[in-house]
Every structure is written in C-alpha cells, then in structure tokens.
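Visitor: Here is what each chain is made of, one letter per residue.
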Amino acid sequence: MRWAALVLALILGNHATLQSFYWPMPPISSVPLSARDATQNIFLASLGMRRLAADLAFIRLLMYYGTPESGEDGHGHSHETPFGAGHYPELLERSLRILDLDPYFSYAALYGAGALAFNLGRPQEAVRVLQYASARNPKEWKYRAYLAAIGFQHKGDALSILRELSPVVDDPDCPTMIKNLVAFLNLRAGRRGEARRIYRSMLESRDPAYQEVARRALEKLGAS
Amino acid sequence: MRALWPIASNTLREQWRSRAYQVALLFAGVMLYLSLLLGMLAVDQELRALLDFGLGFIETLALAAAVFGAANQLLREMETKVVYLVLSRPLSRGSYLLGRVLGLALSIALAVLAMSALHLSILFFKGWAWHGDYALAVFGILLKLLIAVSLTTLLALSTTSPLSALTMTGILWTLGHFIQELNFLARRLGESTASWPLLALLRLLPNLELLNFRDRIALPEALGTSSPVLFGLIYSLAYSAACLLLAQALIRRKDL
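From first to last, the protein sequence lines are chains W and D.
Residue numbers for the first sequence follow the numbering used here, so the first one is 1 and each next one is one higher.
Residue numbers for the second sequence follow the numbering used here, so the first one is 1 and each next one is one higher.
There's no promise every hint is true.
[Said to hold, decoys possible] Computed beta-carbon distance windows for the label pairs:
id, chain 1, residue 1, chain 2, residue 2, range
1, D, T160, W, P138, 34 to 40 angstroms
2, D, F124, W, S201, 34 to 40 angstroms
3, W, R215, D, L185, 52 to 58 angstroms
4, W, E204, D, I171, 45 to 51 angstroms
Bear in mind the hints are in silico, worked out from the structure with no lab data behind them.
Yeah, the Cβ is synthetic: ideal placement off N, Cα and C, and Gly gets one too.
Construct the complete structure from the given sequences, taking the supplied hints into account.
Guide: Take a look at the structure:
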C-alpha cells in the first residue's frame, strides 16, 4: 500500500513538473541532422550536452573555413585562394546547423554571416543565417546591426556599414573578422585613431592570423 | 540520524580507496587537459569551448563513479555477507541504506568539487572572468548525480545485478535528457491507446533537463537559470527521496 502511494506521489510530482517544464532549446527531433555528425549530436544530446555539440560543430566550421580551397583556373594551373576568400559551399548549411543545436550561440551566427557577406560575397546567404538566428533569439541586437550593414554593403555605402557595425566591435561576442573589416573601413574613411584602437583590440584575439594582421596594420600606422 | 554518520563516513573512505573512483578522478585530470587542446581549436571561442568541455567531462566522469559505486557497493556487501555484521548492531536497514547513499553522494560531491577546482584554475589561467552561472552549472550537476545515485541504488536492489542496474540507469539517464522530445512524441500520438505507455513512462522518468543548468549558461535573462533553481532543488530532493523510500521498502523485504 505504501509502495503504491509512493509511486503515485512520484507520478503526480513528475506530472506537475512536466506541465510547467520549459526548455529554451528546440527539441533535437526538430534539428535536421547531417550524416556527417548525426551520431555525435544525438549522443551528446542524450547526455544533455547541446552546447558542447554546438561547440564541436563550430570547431568543424572553423576548420572547414580555415582550410584554403585549392582548384584549377581553367588553364591547367592549380592555385590557392587568398586568406578568407573562396567558395566554401557548405558554410551556410554548417552555420544553420550550429544554430539548431544552440540557438543562443550568437558568435557562430555572426561569424558565419560575416564570412558569407563580407569575405565570400554571398549576402543573401548571410541574411538567411541572420534571419534564422534572429527568429530563435530575437533579443540579439547585433543581428539587426549586421543585417543593416549587409544592406549598405549591397549599396556600396561604406560609411553606413561603419555606422552599423561600429557598436558591434566593442561587444565581446564580435568576431575578429568583423573587427578587421571595421578597422579597415575606418582607415579608408580617414579615422586613423579609431582604426588604431580596433587593431589594438585585435591583438588580444586568440587567432594568430588576425594578431599578425593587426600587428602589421599598427606598424603601418606607426603605433605598435 | 546519529547512526547514519559512521556508515556514511565509512562509505566515503571506501569510495576514496576504490580503484574505479581513483581512475575516474585521474581520467578527469587527463580529460580536462584534453579540453585545453580542444579549446585552442575554437580560436576566439576558446573559453566557451573550455567551459563546456570541462563541465561535460566533470559530469560524465562523476556519473560513471556514482553509478558504479551505487550499483556495486550494496550488492557486494550482501554477497560477501558484510551486511550481516553491520546489521547485527542496533541499526535499522533503512538507516544502513541511507548512510550508504549519503556517503556515496558526499564522495561524489567531493570529486565534483575537486574536478571543478582544477577546471576553474585552467579557466582562470586562460583569462576567464568568474561568472555565477558556473556555480549554478556545478549545482545542477550535483542535483542530477543525486538522482542518479538514488535511482541506481533502487535499481540495484530491485534487479540484484550491478550490470543490469548500470545499464538501466544509463538508459534512464539518456531518456531523462529527452523529456521534451518524448513529450512531443506523446502529443503527436494524441489520445490513442498507443500513447498510454509513453505517458506513463514520462511520468516516471527523472526530468534531467530541468536540472541541466550547464546548457543554460549565458542564455538571455528571461530564459536564464534563476527561476528554475529552487524548483530543481525541490524536484531533485523529492525524486531522490521517492527512489530511496522505495529502495528502503525493498531492502526491508530482503531475506538478510
């Protein structure tokens, strides 16, 4: 009798919990899984490690985008594309999948959208990433700033891009790639002081490639 | 209550000397070092990766030590008849069980705190600034482990096999993280009779996502951790108490 009462109490308690339960991440059943990482993502989700799954997906994205693309130029000569440029056809899909795993991973969204819009010249795909991210986390103001900057980039309005992206630069979640862009635009607009300040902040980046870019730019500006 | 402490402290000592526990702690050190290497791959998001990998490793290794201890200790004492010596003293079976679980929970909590201290030292070394979410994440891990220890104890007593207790705990741990998905599935099945077993299962499974504060770090405030903490604590204590009361009823009926 006591057993039955205990089990009943457990069921009722769990029922009440279930009614009020709210989990801020979309169910894993709604996440489109690619063959590449389905097992890993399901395994990590089963251990309650969605953020970790998103981290791993992001590391894979960095490795993908960080590996220079090589190809042939039509004359039989193989060539390597310059840093950050290329085609990277999976970049959009990979960015979206990270957001499925962790919709609040704003850095991944900003990084993917920034690379697509400002490095690879695919603003439509960048807008898709930002809209996807914004639908899941509408309070993130940086997405709106990015969207506006991409719009101005389409019009070739560098000063407006600068106006939209400048507040983002001081945010800890701003990708160094965007800092580099804003510093460069400041330099072109003749704002050497602001460019110098941004390049200095880039020296604290954990990416040695951007540290080198900043060091060289500061040397040119005469303020290393 | 006074009778509980000698049993609990003895369990703590036994656990500390246990090879599985020591290996889990050692392995945690190795994994935390590995998280340093993995974190470097995340470049500007190194601290986030370090934080997530570290907390993930801490939880997984502490879980392994907790369920292994819970599945083995009681059954081993019953098999080796040590339990007769203990119960020949003026000590109820319920107190013996509670003392064992308390000792195990304390040893696991100490292991989690030790691993967290190591993890924090790595994070601080890498330039991480303290955030209260970390303490909440560790608190959530402890609450989940308390449920795991109680549930494994109940399963070990009801199946009388450490292996099946370990396997079943593993399955329940996994399902406990899929509550949202199971709920979704139950809703999809609607009113049909096919949904009844699922609905019953949903009401018995531990809701581990409720305590998964580790995955809520740095969420926007409205979704943050502050409101479900007290609820999570009460839930975890109530669920563990229910499991232990059932386990107590089982051990009372055992032919010892």
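Visitor: Each hint should be assessed against the structure and marked as holding or not.
Guide: So, going through the hints one by one against the coordinates:
Taking 34 to 40 angstroms as the suggested C-beta distance range, the pair D/T160 and W/P138 does not conform, at roughly 53 angstroms. Roughly 22 angstroms separates the CB atoms of D/F124 and W/S201, a value that falls outside the hinted 34 to 40 angstroms. Take W/R215 and D/L185: their Cβ atoms lie about 55 angstroms apart, and the range 52 to 58 angstroms holds. The given range of 45 to 51 angstroms is respected by W/E204 and D/I171, whose C-beta atoms sit roughly 46 angstroms from each other.
Checked against the numbered hints above, the structure violates hints 1, 2; every other hint is satisfied.
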